[in-house]
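In case you want the letters, here they are:
Protein chains: 4
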Amino acid sequence: MSHVYRLVISCPDQVGIVASVAQYIADLGGTIVEANHHTDAANNWFFMRHEILAGSLRGGLDAFAQGFKKLADAFEMQWHISDSAKPKKIALFASKESHCLADLLHRWHEKELPGEVVCVIANHDDLRSMAEWYQVPFHHIPVTPETKPQAFSETEQLVEQYGAEVIVLARYMQILPPQMCKDYTGQVINIHHSFLPSFVGARPYHQASERGVKLIGATCHYVTEVLDAGPIIEQDVIRISHAHSIDDMKRLGRDVEKTVLARGLRFHLEDRVLIHGNKTVVFDV
Amino acid sequence: MSHVYRLVISCPDQVGIVASVAQYIADLGGTIVEANHHTDAANNWFFMRHEILAGSLRGGLDAFAQGFKKLADAFEMQWHISDSAKPKKIALFASKESHCLADLLHRWHEKELPGEVVCVIANHDDLRSMAEWYQVPFHHIPVTPETKPQAFSETEQLVEQYGAEVIVLARYMQILPPQMCKDYTGQVINIHHSFLPSFVGARPYHQASERGVKLIGATCHYVTEVLDAGPIIEQDVIRISHAHSIDDMKRLGRDVEKTVLARGLRFHLEDRVLIHGNKTVVFDV
Amino acid sequence: MSHVYRLVISCPDQVGIVASVAQYIADLGGTIVEANHHTDAANNWFFMRHEILAGSLRGGLDAFAQGFKKLADAFEMQWHISDSAKPKKIALFASKESHCLADLLHRWHEKELPGEVVCVIANHDDLRSMAEWYQVPFHHIPVTPETKPQAFSETEQLVEQYGAEVIVLARYMQILPPQMCKDYTGQVINIHHSFLPSFVGARPYHQASERGVKLIGATCHYVTEVLDAGPIIEQDVIRISHAHSIDDMKRLGRDVEKTVLARGLRFHLEDRVLIHGNKTVVFDV
Amino acid sequence: MSHVYRLVISCPDQVGIVASVAQYIADLGGTIVEANHHTDAANNWFFMRHEILAGSLRGGLDAFAQGFKKLADAFEMQWHISDSAKPKKIALFASKESHCLADLLHRWHEKELPGEVVCVIANHDDLRSMAEWYQVPFHHIPVTPETKPQAFSETEQLVEQYGAEVIVLARYMQILPPQMCKDYTGQVINIHHSFLPSFVGARPYHQASERGVKLIGATCHYVTEVLDAGPIIEQDVIRISHAHSIDDMKRLGRDVEKTVLARGLRFHLEDRVLIHGNKTVVFDV
Chain A
4 MSHVYRLVIS
14 CPDQVGIVAS
24 VAQYIADLGG
34 TIVEANHHTD
44 AANNWFFMRH
54 EILAGSLRGG
64 LDAFAQGFKK
74 LADAFEMQWH
84 ISDSAKPKKI
94 ALFASKESHC
104 LADLLHRWHE
114 KELPGEVVCV
124 IANHDDLRSM
134 AEWYQVPFHH
144 IPVTPETKPQ
154 AFSETEQLVE
164 QYGAEVIVLA
174 RYMQILPPQM
184 CKDYTGQVIN
194 IHHSFLPSFV
204 GARPYHQASE
214 RGVKLIGATC
224 HYVTEVLDAG
234 PIIEQDVIRI
244 SHAHSIDDMK
254 RLGRDVEKTV
264 LARGLRFHLE
274 DRVLIHGNKT
284 VVFDV
Chain B
4 MSHVYRLVIS
14 CPDQVGIVAS
24 VAQYIADLGG
34 TIVEANHHTD
44 AANNWFFMRH
54 EILAGSLRGG
64 LDAFAQGFKK
74 LADAFEMQWH
84 ISDSAKPKKI
94 ALFASKESHC
104 LADLLHRWHE
114 KELPGEVVCV
124 IANHDDLRSM
134 AEWYQVPFHH
144 IPVTPETKPQ
154 AFSETEQLVE
164 QYGAEVIVLA
174 RYMQILPPQM
184 CKDYTGQVIN
194 IHHSFLPSFV
204 GARPYHQASE
214 RGVKLIGATC
224 HYVTEVLDAG
234 PIIEQDVIRI
244 SHAHSIDDMK
254 RLGRDVEKTV
264 LARGLRFHLE
274 DRVLIHGNKT
284 VVFDV
Chain C
4 MSHVYRLVIS
14 CPDQVGIVAS
24 VAQYIADLGG
34 TIVEANHHTD
44 AANNWFFMRH
54 EILAGSLRGG
64 LDAFAQGFKK
74 LADAFEMQWH
84 ISDSAKPKKI
94 ALFASKESHC
104 LADLLHRWHE
114 KELPGEVVCV
124 IANHDDLRSM
134 AEWYQVPFHH
144 IPVTPETKPQ
154 AFSETEQLVE
164 QYGAEVIVLA
174 RYMQILPPQM
184 CKDYTGQVIN
194 IHHSFLPSFV
204 GARPYHQASE
214 RGVKLIGATC
224 HYVTEVLDAG
234 PIIEQDVIRI
244 SHAHSIDDMK
254 RLGRDVEKTV
264 LARGLRFHLE
274 DRVLIHGNKT
284 VVFDV
Chain D
4 MSHVYRLVIS
14 CPDQVGIVAS
24 VAQYIADLGG
34 TIVEANHHTD
44 AANNWFFMRH
54 EILAGSLRGG
64 LDAFAQGFKK
74 LADAFEMQWH
84 ISDSAKPKKI
94 ALFASKESHC
104 LADLLHRWHE
114 KELPGEVVCV
124 IANHDDLRSM
134 AEWYQVPFHH
144 IPVTPETKPQ
154 AFSETEQLVE
164 QYGAEVIVLA
174 RYMQILPPQM
184 CKDYTGQVIN
194 IHHSFLPSFV
204 GARPYHQASE
214 RGVKLIGATC
224 HYVTEVLDAG
234 PIIEQDVIRI
244 SHAHSIDDMK
254 RLGRDVEKTV
264 LARGLRFHLE
274 DRVLIHGNKT
284 VVFDV
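Protein chains in written order, with the working numbering: chain A, 4 to 288; chain B, 4 to 288; chain C, 4 to 288; chain D, 4 to 288.
Careful, some of the hints might be misleading.
Copies of the same chain are indistinguishable here, so a pair counts whether it falls within one copy or spans any two.
To be verified - Pairs of lysine-lysine residues, derived as DSBU-like cross-links and limited to a Cα-Cα distance of at most 30 Å, are as follows: (1) 89 <-> 114; (2) 89 <-> 151; (3) 89 <-> 253; (4) 114 <-> 99; (5) 72 <-> 253.
In case anyone wonders, no lab produced these hints; they're calculated from the structure.
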């Protein structure tokens with residue numbers, strides 16, 4: 004993977020944004036290796052993402068940012084630029100089920116995941132040795148109705164301590180406290196084992212079996228205070244039939260869950276996801 | 004397509020059903036060209052479907068049916084046997100949108116659909132010439148809140164008069180009266196333009212856009228008194244992104260709608276669908 | 004659909020292309036509603052497509068084109084700009100099988116296809132009444148080994164006479180003469196009923212059955228002198244099993260064929276396909 | 004998972020097979036939990052698979068087998084019956100790439116794989132610690148052109164010593180010697196990273212990129228003496244575009260490879276795959 008800067012912008016739409024930004028980049032000698040635009044015509048809002056070859060940009064990131072402010076103000080941009088050489092730090096939250104955790108740790112270990120796993124926090128101790136094989140610190144923080152406030156206070160401290168910028172609920176079976184959802188808006192990614200908005204909440208495969216659907220799915224989304232209702236990043240489905248028991252659905256579903264979570268997380272880590280209201284723009288490749 | 008009889012059975016599960024049925028067929032010389040079984044372990048219920056080469060069955064359908072009664076009683080079977088040479092008669096209900104109607108008429112015309120289209124009934128007159136090119140009688144019965152009872156009384160008379168055994172709501176934008184849903188239980192097939200149970204009711208693509216899903220779908224299901232809640236026969240989805248407007252979703256969705264409806268209808272016409280509670284067993288090929 | 008101009012560019016890659024083009028558009032007040040870029044790093048080649056709101060562009064198309072030449076020369080661009088209000092003229096070539104022809108005619112009739120069907124040319128007379136229902140001129144030009152040169156000479160005359168800019172081989176079972184392939188480079192679109200490069204040539208479903216594959220597919224591609232080897236625009240597949248006969252494969256395959264052809268053709272008609280060597284860049288939405 | 008016996012039969016087709024087999028099972032009190040049949044009409048050959056609840060079968064497996072011989076001879080059956088409580092022993096062959104090995108080991112560890120991994124044999128030492136974390140013996144047998152005969156002689160000895168019944172080439176980058184292919188006919192499963200028969204041999208993603216296909220795939224097949232030409236068990240594909248580099252294709256392809264291999268292997272381990280000539284019948288659930 005080349006060393007790139009990722010410039011992400013959203014602002015009210017008007018004529019001249021692309022020209023101004025492209026000219027600014029060109030003036031610094033920047034080579035654009037990927038560019039994506041989107042105009043939300045209904046809301047007159049504009050979204051843009053560029054990948055710029057780091058080595059090509061005269062003056063580097065600081066010079067870029069300093070000069071860009073004026074432009075950004077003129078167009079009322081929300082923007083940030085990130086450096087692929089400084090991968091986002093990830094805290095993985097897990098419980099007992101290992102498929103999502105194992106999948107993410109393996110991708111990270113194989114340098115497929117463009118982020119840095121800094122710790123695993125789990126409400127059960129079962130997956131400790133797996134995390135430790137990958138040489139990732141593992142913290143067992145049990146959560147019971149009584150200890151929940153204390154447990155999440157500890158959890159947040161750990162997240163802060165590790166400097167984690169992304170929290171991934173890799174089949175973590177606990178609901179985060181509302182305040183934590185607020186504090187980490189746009190930073191907590193969950194995998195829900197249904198094709199949302201169908202089958203919100205507990206035991207979605209049982210719900211799916213009850214309704215007799217012919218496809219089951221998984222949804223990767225940002226966590227908000229409302230259960231399973233945050234902005235959707237990625238979804239996929241798999242075909243089932245009457246012949247599949249709920250156990251079969253769980254088995255087949257695991258493959259969809261881990262793939263959808265890995266895809267969604269990669270999009271987030273590469274700054275490909277722009278949240279807009281309760282929806283996302285995903286500049287996928 | 005070979006001339007076959009389709010024997011469809013459901014009954015409480017017990018040892019010996021397959022053996023007894025297979026022996027009965029073998030005793031009459033019947034060649035089985037397709038056989039499917041399913042046991043619903045949770046409900047201890049058994050489902051079976053056989054296709055038997057018509058020419059191979061000594062004594063034909065009547066002899067078969069007569070002798071089979073005893074066996075059927077012993078195992079408390081619900082059963083029926085149908086003749087592929089007597090395709091089910093289909094009434095197509097349409098409105099203004101043509102994609103599902105055009106698709107079904109074309110498949111029927113090309114002898115792909117194992118049924119016989121006997122009439123088109125529509126609440127607008129727009130699709131008359133299309134039906135007439137296919138030499139299918141077209142009846143325009145407008146439906147307004149005031150005329151609804153009268154309109155559906157006429158509609159039912161037409162269905163009876165044509166001897167239609169299946170009613171297909173090919174994007175027919177009216178809700179059938181509850182009594183009609185009851186009278187034709189398991190005989191009315193609808194296509195809903197969402198992946199049910201998500202986005203029940205009106206304007207599902209608007210609902211999908213609102214929620215920001217990454218896949219849109221279509222559901223072919225039997226109509227019951229509860230809107231969009233009947234047994235599901237077939238579903239499929241297609242990938243969308245932020246770049247797709249609601250008009251794009253409608254355009255892409257039409258392809259899924261017509262394909263899912265055609266598949267679901269074929270399953271029904273070939274007696275591949277067994278309704279069980281609010282779910283279906285579909286012995287698909 | 005809005006009235007837009009589509010500006011399509013390919014040229015050697017260098018810094019400043021996007022800025023220059025975007026600035027040129029902005030200077031004329033042009034509102035960009037869709038923009039796509041791609042850099043082929045291996046070949047150092049750049050591809051770009053813009054949709055510009057027609058009403059927003061001061062001076063219209065002629066002013067744009069005149070001024071753009073200088074810019075285009077500076078960057079050694081191959082470029083063209085097309086007007087969505089002047090849809091490309093399409094000649095549909097067919098034989099006996101109707102599914103692709105019926106599908107395209109229906110989409111065109113429903114104003115879904117962003118092109119204008121000007122004639123149907125077929126080597127059999129079977130589909131005449133279908134074309135005529137859509138009020139499209141139908142020409143029956145039989146092709147035999149003896150009459151082939153004469154037949155294709157007539158065919159080309161018709162294509163010229165109708166001013167067709169795109170030829171669609173909608174399951175036309177004849178191989179075009181090499182000279183015609185050359186004359187219409189990048190203008191003839193074929194649908195091949197396999198997932199190319201597997202199963203080139205005749206009877207691909209038989210070949211697929213012979214090899215025992217678990218998926219069958221269809222490929223929409225530009226026609227070149229080498230059979231089934233031209234640049235691929237679009238492909239898709241569908242799952243099959245041992246239970247599917249060759250007739251089943253044909254039936255299931257028809258749905259994939261017509262969908263893939265319709266998608267590929269739409270991409271071409273909207274100037275979304277850029278041919279580069281024997282490959283394509285498809286700026287799909 | 005219930006304890007079941009799996010009865011797998013293939014024989015010339017004739018009337019009465021199903022009846023005789025079902026009667027035989029019923030006479031021993033056997034509860035059938037899954038049954039699948041297939042008739043290959045072109046070759047007049049019949050295939051059948053039953054899952055029988057172990058506890059329900061009077062006299063157990065030995066009594067069944069003894070009595071069944073007479074029936075099997077009468078119908079000229081090839082048949083075997085296996086016991087889900089005696090999972091097949093698996094030797095995993097690997098090289099340097101870990102994704103397939105990691106995936107299979109994890110599934111096995113989580114008791115998802117209905118088999119028993121007895122050893123890993125690799126031509127590089129890189130994956131030793133991964134195998135050892137799962138407490139699976141790891142053998143490093145380097146293969147060079149000079150040492151190939153000796154290396155495979157050692158390899159076969161290990162396979163024998165561990166009593167492995169299935170060899171899985173989990174991205175093992177060596178071609179097995181012809182004699183070993185023969186000795187283990189129907190027991191060696193490979194994953195090839197293309198949608199066969201496209202892109203046989205080395206570097207299929209490079210071949211795919213060269214041809215400009217719009218989907219890439221993976222194929223799980225039995226190994227025969229002819230490279231990448233054995234009976235196909237399972238295949239799948241994933242969509243790509245011009246925007247994907249060969250590295251992207253490798254990354255995306257890994258997910259398809261491991262999923263297709265895991266599915267194909269599960270089918271084999273549960274005796275769901277019947278080889279017939281160079282094709283397979285797969286009684287999938």
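Right, here's what the structure says about each hint:
no.: 1; hint: 89 <-> 114; result: within (14 Å within a copy, 38 Å between copies)
no.: 2; hint: 89 <-> 151; result: neither (33 Å within a copy, 45 Å between copies)
no.: 3; hint: 89 <-> 253; result: between (36 Å within a copy, 24 Å between copies)
no.: 4; hint: 114 <-> 99; result: both (25 Å within a copy, 14 Å between copies)
no.: 5; hint: 72 <-> 253; result: neither (50 Å within a copy, 39 Å between copies)
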